[in-house]
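Asks: As a plain string of letters, each chain reads:
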Amino acid sequence: MSPEEKVLLIPKIENGFVIDHIPAGAGGRLLHLMQRHREFDNVLITLGQHYSSRRLGRKDLLKIQANELPSRFLQHLALLMPGVTVKRIRDFKVAEKVVMETPDLVHEILRCPNPNCITNHERGMGTTFHLVERETKTFRCNHCERHFTQTALTATLNI
Amino acid sequence: MKRDLISIEDLSLRKILEFLDLARRIEGMPLAERAHLLDGRLLGVLFFEPSTRTRLSFEAAMLRLGGRTIGFSEVASTSVAKGESLSDTIRTVEQYCDAIVIRHPREGAARLAAEVSRLPVINAGDGANQHPTQTLLDLYTLQHLFGRIDGLRIALVGDLKYSRTVHSLVHALAKFSGIEFVLVSPESLRLPEYVKAVPEGRLQARETTDLNEAIATCDAIYMTRIQRERFPDPLEYEKVKDSYLLDRAALRRAKPHLKVLHPLPRVNEIAPDVDATPHAAYFPQVGYGLIMRQAILASLLGGMS
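For the protein sequence lines, the chains are Y and C, in the order given. Oh and the first sequence: position 74 is 74 in this note's numbering, straight run, nothing missing. Oh and the second sequence: position 106 is 265 in this note's numbering, straight run, nothing missing.
Straight-line Cα separation of at most 25 Å, DMTMM-like style, residue types lysine to aspartate or glutamate; simulated pairs:
#1 Y:K137 / Y:D104
#2 C:K161 / Y:E145
#3 C:K161 / C:E177
#4 C:K355 / Y:E145
#5 C:K334 / Y:E145
#6 Y:K63 / Y:E14
No lab work stands behind these hints: they were computed from the structure.
Chain C on its own, in the form it takes in the complex (with noise of 0.2 Å):
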């Protein structure tokens, strides 16, 4: 049966440490061996919306993998934009390649996709709605920085309300045990209820509008952007859109271990002084990204077990 990875909520907690133990694997592995795991393999990379950055991320771990890569980045240039159905595309696309990611803006094409391909499909984003693969190299990040997930306490700081990244890794989190969680944002934005209710029951959660409570507590800290366009209302946007501001200054009561996440791209929320902190853990999330990546394709397309 083909397998895909569409939503973190398909995902037990045992198939997400299947996915950290195969990054894990494929790290180690010497760069001649990871060079051929995928060789002669085609993945289709579909794009209807831009995103460079997870686009680049995907294609590098393909090519590094022996693999290679054909798609497009914006629909412009595409049937698409004469009218054709997604369900059409994915058929046509799929008769050329072993693989597909999709980014798209509508929440729910990748589950489309899945359900007419016959090939794995793997999400790249739909819309506000998920992006498992970022959720997966945010646990990567956090296992590789401090060699467990269990029993962290984690700051989730600025938009709660709206972020896909936050609710999938609230969602994901809550799997493993003991997670303490500390969410600061301001008064507008808050984790919404039907996110706090996860399968597993209540977080164990204190709300905040103090980031500096956060910064003296937490061994990691996952700032996000506060995003324009997912603010219906222009004047809202403006009044909490430097709500939180990480400078090294602030720092200064953090734990020595205390790292600092941040899926990218970054705005005003973390100051430049912070990047030659030892806390500063963007950039390495970005590197672990490329290998989770590599983890999520070895496994779909069967290039490790």
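Only chain Y is shown next, with the shape it has when bound in the complex (with noise of 0.2 Å):
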């Protein structure tokens, strides 16, 4: 494939984001996701799937004409596909870049996945959750103090 044809395949954007190393077949869910947050209601976006990627074989990615990302967006990012990196475009160039790591602290954009858990019951109530084993990407509840899975977690998104 020439690298003409490679542009056409992917269109370079000028201005924005570009997430990549999405895992192929994830871009969707990621897609689905920001649809959640208003913030992208009139913002250009673009998903690309399948592409032959040297570290992941196959994977998708999102191009995303936008000035910033909203940081609850990149909370959710981080939590749901840490590996995938996200390049900010200035002037068709690549101005920055950061891989994505599973968060710290997940802090208010989240359900606590036990029902009897006081967050769930208080109105207005948020939650916060700490990382405690990064190698399983077990998280503690603040209140309740269970431990979840990053998985059990991201469960509650519905996504």
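Build the complex from these two chains, which are given one at a time in their own frames, with help from the hints.
Replies: Okay, structure coming up:
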């Protein structure tokens, strides 16, 4: 495939963000998550799926023509897909690049999976989870003190 | 800065030792002096679910230090029954008193109360989560009985899966040196892996289903009730409810200094004929509980440093 054809497949953006190294097939879920964040309502987003990747074999990527990414979205992203790369694009070039890591703290973006946790019963109350073991991606609810895997926590997002 | 007692997980070994030391000092204090430590102070005792013995213990502790108490022991007669939020209840009650003791059926409720209140908050049980004053009184009992906690061989018996008392005690004991645990339970009620993974590393623990082995080798046996209300499936409860019965005959193989503890109430797990043996320590444990709760109140309310 010539470089020209590649440009057609993945159009370059002048300014914005590229979320790269999304595991193949997971780009759709991420797009679905973005639709929950109202900041993206009028933003031009392009999803590319199943590109060749040296690291992953196949990968998805998203190009977002926005000036900023909301911090709540970045928290969701780090929790759901640690390992993806977020690149800031300025004048068609990569100006900044960050590999998302499982966060140490997840604040006010998730529901506690424990139905008896006070956070599920007190009006207007947020949640906080601390990472207690990075290897197993285990988090602890700051209130009910129960431990949850990242999978159990993000299951409450229903995406 | 105000201080709270919400979870045993929040306490360092040093802090635990401070509470034990304070309890010892209060116990050694002349009654006339002790009776005025918290003169003029008012404790809010908010029990959103019934627990007679814990409530009585806190109220007795406060009254015997010269303080007074207000509160409720069930929510039917309060604004909570009308739908008031916990935060609003706490912000209202804190206008009346100097510290708050809370028991609540929801896990994390005491933490929330501490977050919204400017007063010291003491957790007297939040659902299946924490009951830190029980753990501190258990430690005080052990120290009283043996003169030390380090190096004891302790059996935990019964419902090790659901018992919050056991989980908290394991985490607190793990902070001490050389504790050997013998974990005695039916297969279906074993101590969960996440409880075994204490911050200090792996527990030095032997797991068994045989209570007799524990009786013969341990310094202390901590019995627990198998609680019907913790079982999602009533059939599972029926299978294991009478798994362990400690009676006088079984204690014949015990070391002379073996002590039996229990958070109470007991049902069938300790036979009444154990009560008269020198091994029975569960009623003195209630008395040590009163002293420890006095120490906690005096510490958080500033009656003693």
